[in-house]
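S.K.: Here the protein sequences come in this chain order: L, R, H and A.
Numbers given in the working numbering equal positions in the first sequence, counted from 1, plus 20.
Numbers given in the working numbering equal positions in the second sequence, counted from 1, plus 20.
Numbers given in the working numbering equal positions in the third sequence, counted from 1, plus 20.
Numbers given in the working numbering equal positions in the fourth sequence, counted from 1, plus 20.
Simulated from the structure, these hints should not be mistaken for laboratory data.
Note that beta-carbon positions come from the ideal geometry of N, C-alpha and C, so glycine has one too.
Treat the hints with caution; some may be incorrect.
To be clear about the criterion: a stretch of chain L counts as covered by chain R if any three or more of its residues have a C-beta under 8 Å from a C-beta of chain R, and this derived list gives those stretches [to be verified]: (1) 48-55; (2) 144-158; (3) 178-184; (4) 259-272; (5) 355-367.
Residues of chain L placed beyond 10 Å of chain H at every Cβ, according to the derived structure [unchecked claim]: (6) G26; (7) Q30; (8) S72; (9) E103; (10) E216.
Residues per chain are reported as follows:
Number of protein chains: 4
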Amino acid sequence: MSSTFGNHIQISIFGQSHSAAIGVVIDGLPAGEQIDEEELQRFLARRAPGQSDLTTARKEADQVRILSGLYQGCTCGAPLAAEIENRDVRSRDYEKIADIPRPGHADYTAHVKYGGWEDYRGGGHFSGRLTAPLCVAGGIAKQILARRGIGIEAAIDEIGGVTYEEAVAGEDVTAGKDIMALPAAWTRMIATVREEGDSLGGIICCRISGMPAGVGSPMFDGLENRIAQAVFAIPAVKGLEFGAGFQAARMRGSENNDPFCLDEEGQVATATNHHGGILGGISSGMDITFRAAFKPTPSIAKEQDSISFSRGEDARLSIQGRHDPCIVLRAVPVVEAAAAVALLDALAGEGKL
Amino acid sequence: MSSTFGNHIQISIFGQSHSAAIGVVIDGLPAGEQIDEEELQRFLARRAPGQSDLTTARKEADQVRILSGLYQGCTCGAPLAAEIENRDVRSRDYEKIADIPRPGHADYTAHVKYGGWEDYRGGGHFSGRLTAPLCVAGGIAKQILARRGIGIEAAIDEIGGVTYEEAVAGEDVTAGKDIMALPAAWTRMIATVREEGDSLGGIICCRISGMPAGVGSPMFDGLENRIAQAVFAIPAVKGLEFGAGFQAARMRGSENNDPFCLDEEGQVATATNHHGGILGGISSGMDITFRAAFKPTPSIAKEQDSISFSRGEDARLSIQGRHDPCIVLRAVPVVEAAAAVALLDALAGEGKL
Amino acid sequence: MSSTFGNHIQISIFGQSHSAAIGVVIDGLPAGEQIDEEELQRFLARRAPGQSDLTTARKEADQVRILSGLYQGCTCGAPLAAEIENRDVRSRDYEKIADIPRPGHADYTAHVKYGGWEDYRGGGHFSGRLTAPLCVAGGIAKQILARRGIGIEAAIDEIGGVTYEEAVAGEDVTAGKDIMALPAAWTRMIATVREEGDSLGGIICCRISGMPAGVGSPMFDGLENRIAQAVFAIPAVKGLEFGAGFQAARMRGSENNDPFCLDEEGQVATATNHHGGILGGISSGMDITFRAAFKPTPSIAKEQDSISFSRGEDARLSIQGRHDPCIVLRAVPVVEAAAAVALLDALAGEGKL
Amino acid sequence: MSSTFGNHIQISIFGQSHSAAIGVVIDGLPAGEQIDEEELQRFLARRAPGQSDLTTARKEADQVRILSGLYQGCTCGAPLAAEIENRDVRSRDYEKIADIPRPGHADYTAHVKYGGWEDYRGGGHFSGRLTAPLCVAGGIAKQILARRGIGIEAAIDEIGGVTYEEAVAGEDVTAGKDIMALPAAWTRMIATVREEGDSLGGIICCRISGMPAGVGSPMFDGLENRIAQAVFAIPAVKGLEFGAGFQAARMRGSENNDPFCLDEEGQVATATNHHGGILGGISSGMDITFRAAFKPTPSIAKEQDSISFSRGEDARLSIQGRHDPCIVLRAVPVVEAAAAVALLDALAGEGKL
């Protein structure tokens, strides 16, 4: 099943870019959890287009309607279903890609897999729009986790090869790592590539605090495996590292090993955190940290080489439509959502919710 | 479940470093597949210690005994079970870690999760030794995949921050990227850290050829998700990237997008392969490529800081026992095995075996 | 997860009796399957109340709205989501059961499991109303199976201990085994118990024709196991038997064994079909037959003994509301639906769709 | 996957009747559970042949060897693997069935499914012998459940259509419902059919005491669904009913509904137990009761009709080999084992172990 996740709390995401609605069913939530729908809506707003003029011009309020699973504002043990109507749909923008697959997109691979029956409009089920229901599930998971002292915060580490530290050097000392307050250097870069009909990628980091030690499993069902399964569901993610990650591969054992120590309250901690809060697939009680690499938005206005299915020959393609020049800006809450559903599932599986 | 993998062909790995045996059950293999046990044994030999004096001194023939699932040398539809006896077990080496957890290991997190009931000897179920049954499953998967024209080949890309290209610069032009023929520069580095009681990490790349287009799924069950779930099961892996991976995050869309074209036989291909053979979670027919980052072996002879469970205070630890100064050397077939079980499962799930 | 089913084509059912909507997500359907929505609606109508004056007075058009998964009337590979609005909701009928659990219902067990957070109105997620989305999934599955020559037909075998043969004896030779044309004897029985504020149960049989031989698995994932998992999801089912079932336990081996023979086309068949089309969990190519026992509707007007949660003492309960005196009448398509989703999943798992 | 069971504690069974060994891996057991291997062996002995001269002449000590998962006699969190060697193997008895499938067996359906690659000897993976590893898992589960006050006891209710009450009428008032002390009437019946080269079936009932209320789920993952999935894994089971089961279908609602009341300790209970301890898929705290119908042993000495694969024509078959005239006698612990693994999994899934 392509679009279900979780062994204990299972989410099942549905929808295409241009279907009547998109949404999610979450089965297995603990009963008695108050869900703050306004807070959920604010979380979704962080992903929605229109927060900045650097994002797509597609307008979607992304108003969530909860269909089931709540009683008097709290989870009641029944599966929680939520839907978001698709409104601002302009299918004609996509007529061309039915015949000429867009480079860097799933148009071609979906065409082969589904034998030409796929809903290609707007990328169908492969659209970044499907991260909205992931954020519904993740936003709900975040509320439940927060009640247990677990916080999840993602931020932009790098855009187009320029790190945050480089971007703020000499200026912008108050700039943030989020879409609402980007360093001017990044903003200029994104505006430039947009004008050029091009796009940028970047790296998002995520930090999870308050995770109790002892959650997770060795081998295939560890926290790294679960988070990876969730994070690689985000379109455009091509890399993932925990703690020191690829940099750890360049250190010596004596540098990379995090010495155990006792913290001020006498709890076991580590003096450094190269392990990113996970050892043997199990949480150590230190912050869980990971970084995800996003490729540049594949939809670009610049003309590209492709092929024509119908004519069986080379073709040129210039993508129309409304696209983000740097999807990283809107992906920050999506990374949080992916982490949230993975951790909620892990905690549920050990009876620790 | 910690140690089971696969939605269609499921592997279930068992054993501890010092238990009577380790092994694996594989359920769901297609019937009628000839299994070459000698070839399997040769595949396992690539992982076994003793091929080089740069590996651990623990001697294990790692002779596989197939208990079920074959009839007259071919799979018969019943689950295939295989075991490897543990022979060269020196449990006394590990007495100390029952009380003082080794930095960089799962000793502490297992202790919390299992409440002190864990088998700490040699790392128990968290031991790198458990990659042997993974290789049994992977070796069998490789034979089945090879029969369908799918080849999986891993190699060492980097050790201790020195790339293969750097290692062979000016010398060693015939050196390989495998344990049998390492560049002299790498060999010297490893010998040096071993003398210093330290260790090195590295990066392993993997290339899968012959994968048909159209296999995989969007969202949570794509090839990237599955391979990630399998590869992060290998102890010491802290990062994973597909195709251009983290480097893609630094390119522009116009650079990173792989133009579609028609190859000599008129098949759709891409002119470059930054996408690493996977678009939208589905194979494109191009080679699947990924790289996994291994942290340095956490078991080092150098004295380290830790704590004592029993005394509730800081403690110093100097790890005895027999360890690999650079586990990367023996991990090459393990990466192939992880990829093989993931791909076999994906193909089975689509009725394409 | 309580409300998901399937290893290959997964259905996830949501909704409560009085939530905004009920519905289902189906993930993993093959692409390119035409879905006839009118036929689906007709299938649902067989389950809907109001076909007969022997059913509940609750009025629900049960109009299905497909939210995603189709493109130009055919499945497109993306999950298919469908919802049915709840309209004729009279929650005040249920105020009492918040405190006094109804005998034979899940009110008490849900109360314990969900700690008082359950949505008790109309039985919440435990309501028979949730068989409507099961019928949506089943109706779609039936269309896909029919295209492959597989037919599923259920019928009423027995009501209140009176078999169909007994009911039609001497009269009614043209009566059917479905709600549209019941034998007069059954109709009278049901009318009588309704007047008495009581209810009846019964037995539904199901026959699946056209199932190819060789589908299914030994042990836990056989056709009997899967069908059982699906059929026991129907509220009120307390028994299930395949082929000769409980009667087989009273035969000798020489009677019960079905001799193999060659049919007119030279295909292997069996001369009798006590095995109900399944041997070793795998289809034999003969019709699959099973029977499900339904307990009498637990909601009855007659006063019953129960307890009061709030007062911690015995209490009497007389159930108001609108109930079916014999739920068996409307359960016939539900049994077909359960069988259909189970078989579709089994076929998908073997790449045979 | 055919031979894996469980969503939280997963068992994976392997082996064929004539493979080197049979066994099971259990993944997800809680750590710190003492396993009494002698008690386990005694539990297995109840299933093993040779307790009575009414069982097969095949001699198997069924000595379990635990390969992993224990440390100092207790579960350590790692998967528990156990194997039983196959010793008394007489494959030549089965040469004929390679060509002539035995009526009532899986020989034919396995042949179709596995394309002729199946290990037909002794029924291969379909053999009743595979209930031995199920009993290993079940025996371990029973020990863990017993420590929590949950007892599982199965017994024979009926053989060849003669109930226990009928069998002991006028005699045998001290006879039991187990193989060790059968009523003389049953013993005579079995001896008679054996002489006639025939066999008998029967019904086994099972009672689970001490199950806490509130465990289970609505719809597809309720206790009835799980127990059904496990019990239908036992070869020869063709029917299953919970509580009053098929008899409930013949009662009125006012009879079948179990009134709630308060027991002596003020706990909610029911005055009767027609619901068999499960309402809405969730335990009510009353004893869980179910009955399983076993068809007569299909292997009989009497000559039977079948067909020949190789000759494509009708054939006669007289089964040689060593068979039980009434498999029900040895199936009693197997039913307990199936129930035990189902309940252990359900409890684990809710964090209640």
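S.K.: Determine whether the non-interface label on S72/L survives the test: each CB of chain H must be over 10 Å from its CB.
M.R.: Given a closest Cβ separation of 29 Å, the condition holds.
S.K.: Taking C-beta pairs only, is Q30/L more than 10 Å away from all of chain H?
M.R.: violated, 5 Å
S.K.: Quick check: do three or more residues in the segment 259-272 of chain L have a beta carbon closer than 8 Å to a beta carbon of chain R?
M.R.: Holds: 13 residues of the segment 259-272 of chain L have a Cβ under 8 Å from chain R.
S.K.: When I compare C-beta atoms, does the segment 48-55 of chain L have three or more residues closer than 8 Å to chain R?
M.R.: violated (count 0)
S.K.: Quick one: work out the minimum CB distance from E216/L to chain H and report holds if it exceeds 10 Å, violated otherwise.
M.R.: holds, 33 Å
S.K.: Could you check that no beta carbon of chain H comes within 10 Å of the beta carbon of E103/L?
M.R.: violated, 7 Å
S.K.: Okay, the segment 355-367 of chain L and chain R, do three or more residues pass the C-beta test at under 8 Å?
M.R.: Violated, because only 0 residues of the segment 355-367 of chain L bring their Cβ atoms closer than 8 Å to Cβ atoms of chain R.
S.K.: Using C-beta distances, would you say chain R covers the segment 178-184 of chain L, given that this needs three or more residues below 8 Å?
M.R.: holds (count 3)
S.K.: Does the claim that G26/L lies outside the interface with chain H hold up, using a Cβ gap greater than 10 Å?
M.R.: Given a closest Cβ separation of 8 Å, the condition is violated.
S.K.: Are 3 or more residues of the segment 144-158 of chain L near chain R, judged by a Cβ distance of less than 8 Å?
M.R.: Three-residue rule met by the segment 144-158 of chain L, so holds; n is 3.
Consistency with the previously given hints fails for numbers 1, 5, 6, 7 and 9, ordered from lowest to highest.
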